[in-house]
Amino acid sequence: MPELHMPWLGLAVLLPLVGAIWVSWLKDRDQARRVSVVICCLTLLSSCGEWIDFTTLHSFVAHDRWDVFQLFFPNDAFVVDQLSAPLLPLGALLYLATVLTTLRTKVNRFSFGWTLFSESVLLATLGCREPWIIILLMAIGIIPPWIELRNRRQSTRVYLLHMGLFVGLLVVGQLLVGADATAANPPILAGCLLTAGALIRSGICPLHCWMTDLFEKATFGTAILFVTPMAGAYVVMRLVFPIAPVWALQSIAVLSLITAIYSAGMALIQHESRRFFCYLFLSHSSLVLVGLEMATPIGLAGALCVWLSVGISLMGFGLALRSVEARTGRLSLDGFHGLYEHTPFLANMFLLTGLASIGFPGTIGFIGTELLIEGVIDVYPMVGFAVVLVAALNGIAVVRAYFHVFTGSRHLATVSLVCRPPERITILIMAVLIIGGGLFPQPGVQSRYHAATELIKLRGVDETDSHSDTAHTGASETISNPTTKRSSVSQSRR
Numbered sequence: 001m002p003e004l005h006m007p008w009l010g011l012a013v014l015l016p017l018v019g020a021i022w023v024s025w026l027k028d029r030d031q032a033r034r035v036s037v038v039i040c041c042l043t044l045l046s047s048c049g050e051w052i053d054f055t056t057l058h059s060f061v062a063h064d065r066w067d068v069f070q071l072f073f074p075n076d077a078f079v080v081d082q083l084s085a086p087l088l089p090l091g092a093l094l095y096l097a098t099v100l101t102t103l104r105t106k107v108n109r110f111s112f113g114w115t116l117f118s119e120s121v122l123l124a125t126l127g128c129r130e131p132w133i134i135i136l137l138m139a140i141g142i143i144p145p146w147i148e149l150r151n152r153r154q155s156t157r158v159y160l161l162h163m164g165l166f167v168g169l170l171v172v173g174q175l176l177v178g179a180d181a182t183a184a185n186p187p188i189l190a191g192c193l194l195t196a197g198a199l200i201r202s203g204i205c206p207l208h209c210w211m212t213d214l215f216e217k218a219t220f221g222t223a224i225l226f227v228t229p230m231a232g233a234y235v236v237m238r239l240v241f242p243i244a245p246v247w248a249l250q251s252i253a254v255l256s257l258i259t260a261i262y263s264a265g266m267a268l269i270q271h272e273s274r275r276f277f278c279y280l281f282l283s284h285s286s287l288v289l290v291g292l293e294m295a296t297p298i299g300l301a302g303a304l305c306v307w308l309s310v311g312i313s314l315m316g317f318g319l320a321l322r323s324v325e326a327r328t329g330r331l332s333l334d335g336f337h338g339l340y341e342h343t344p345f346l347a348n349m350f351l352l353t354g355l356a357s358i359g360f361p362g363t364i365g366f367i368g369t370e371l372l373i374e375g376v377i378d379v380y381p382m383v384g385f386a387v388v389l390v391a392a393l394n395g396i397a398v399v400r401a402y403f404h405v406f407t408g409s410r411h412l413a414t415v416s417l418v419c420r421p422p423e424r425i426t427i428l429i430m431a432v433l434i435i436g437g438g439l440f441p442q443p444g445v446q447s448r449y450h451a452a453t454e455l456i457k458l459r460g461v462d463e464t465d466s467h468s469d470t471a472h473t474g475a476s477e478t479i480s481n482p483t484t485k486r487s488s489v490s491q492s493r494r
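With the UniProt record's numbering applied, the sequence shown corresponds to residues 1 to 494, in that order.
Hints are computed from structural coordinates only; laboratory data are not their basis. Model, not experiment: these values are computed from the prediction. All C-beta atoms in this analysis are idealised placements derived from N, C-alpha and C, irrespective of residue type, glycine included. Keep in mind that the hints are not guaranteed to be accurate.
Result set (DSS-like, lysine-lysine): computed pairs, CA atoms no more than 30 angstroms apart in a straight line [claimed, not checked]:
#1 K106 - K217
#2 K27 - K217
#3 K27 - K106
If you anchor each label on the Cβ, the simulated ranges turn out as follows [to be verified]:
#4 T328 - G178: 51 to 61 angstroms
#5 G436 - L389: 27 to 37 angstroms
#6 P381 - P361: 21 to 31 angstroms
#7 S59 - Q442: 15 to 25 angstroms
#8 N185 - M6: 38 to 48 angstroms
#9 N185 - T55: 29 to 39 angstroms
#10 S409 - M6: 48 to 58 angstroms
Construct all of the structure, not just a fragment, from the sequences and the given hints.
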């Protein structure tokens with residue numbers, strides 16, 4: 001197996017873990033915040049170094065040089081492959097942006113130590129391909145939000161019930177998976193249990209109430225960090241996708257599509273900003289699962305692109321909403337707050353990231369969304385129209401929320417509400433990624449398409465029943481000329 005030139009993965013996992021121990025001993029909360037920002041920056045640099053280094057190898061999988069994980073976990077349990085390579089920088093960026101935009105007024109409520117610990121666990125999960133270790137890390141990742149809920153004296157019953165069921169189903173399902181299990185010889189019962197567990201973690205309807213409960217009771221930052229990396233989708237790709245037959249994957253896609261439609265409708269009628277964001281995110285993450293379970297190159301490539309674009313855009317969208325909430329308290333969407341004059345940077349970030357999440361032309365999500373729609377239509381033509389409907393409903397919900405938060409009245413404030421320098425830096429990073437990814441989509445699309453084709457090959461079954469030949473042709477045309485794809489799709493929309 002090829003080696004990276006540096007131990008990037010080990011650094012990305014161990015830096016936040018060491019930082020968590022360091023921060024836990026600090027009494028000064030401002031100093032803890034500064035140390036956390038430095039640790040998150042170093043972690044992001046390590047994860048970006050991993051991605052760049054891995055790209056130069058032109059391989060599907062590679063492990064660290066001087067791999068410290070092999071001392072405890074043999075058989076190359078922790079590796080970097082084409083699925084996880086871009087997810088590691090995405091996770092590190094999410095934590096850096098959240099810590100960076102945490103205002104001084106919120107440092108006493110936000111645990112930097114547990115946040116760094118959660119970052120270490122997340123990056124270890126994304127860098128792992130051994131099923132039992134993934135299950136263990138997912139179980140450990142449940143602990144920090146539970147501790148925060150306990151410290152805030154909130155009820156943890158709903159959260160613990162769903163997360164306990166999630167871990168229990170994964171454990172029992174993995175116990176039933178045989179050593180010879182493949183997609184051609186699938187263990188039906190084990191696959192059903194693993195799928196059920198992953199769908200609970202993803203918030204698929206009707207087992208999604210834990211997610212709204214978490215957003216209502218935990219700090220906004222903790223809730224965003226727990227759900228936005230879409231760890232449930234990663235569990236699906238590592239534990240379910242390699243052994244599930246095509247019909248089972250497409251059944252999961254139908255359930256995910258129902259959740260996407262339901263959540264998009266719920267986002268339209270919410271009266272509270274946190275619940276609005278929760279349902280908006282749930283709708284988008286369900287669309288990612290729809291594409292992941294198509295088991296065709298173009299559908300899977302589209303889902304992998306949307307995974308990254310939704311992660312970036314909804315991260316910025318949630319942080320914009322969090323920054324506004326830090327200034328005004330929890331927001332009601334029943335009235336109009338008129339905050340644009342006070343926070344124009346946040347307003348622009350709110351609108352840009354919200355439109356990017358639905359695949360607005362010129363943003364990072366456009367090509368991925370079109371690939372996803374085309375891949376779904378190749379398998380289920382009518383389902384493709386449902387995906388378009390979900391995107392339209394989400395777009396209406398985003399614009400409606402923008403009007404309620406930033407327009408409609410004149411807000412009178414006794415203190416300055418302008419953006420702080422760390423928030424402006426975060427806004428600039430988000431804008432560059434969203435617009436740059438939309439104007440130059442070729443590298444990202446090509447990388448995700450190669451990952452999709454390799455993942456389908458690893459399943460070891462013939463996917464011709466899923467119209468993969470048609471999808472392969474469409475994907476090749478799209479990758480060869482994404483600009484033509486954008487033009488043709490724009491004409492069809494008009």
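Hints versus structure:
Proposed proximity of K106 and K217 is supported: the alpha carbons are some 15 angstroms apart, at most 30 angstroms. Taken as a hint, the K27 and K217 pair is honoured in the structure, with Cα atoms around 25 angstroms apart against an allowance of 30 angstroms. This hinted pair checks out: K27 and K106 have alpha carbons roughly 15 angstroms apart, not beyond 30 angstroms. As the Cβ distance of T328 to G178 is approximately 55 angstroms, the hint placing it in 51 to 61 angstroms holds.
In this structure, G436 and L389 meet the distance hint of 27 to 37 angstroms, their C-beta atoms being roughly 29 angstroms apart. Remark: the range hint 21 to 31 angstroms for P381 to P361 is upheld by a beta-carbon distance near 23 angstroms. At roughly 21 angstroms, the beta-carbon separation of S59 and Q442 lies within the given 15 to 25 angstroms, and the hint holds. For the pair N185 and M6, the beta carbons lie near 39 angstroms from each other, so the given range of 38 to 48 angstroms is met.
With their beta carbons about 34 angstroms apart, N185 and T55 fall inside the hinted range of 29 to 39 angstroms. The hinted window of 48 to 58 angstroms between S409 and M6 holds, with their beta carbons roughly 54 angstroms apart.
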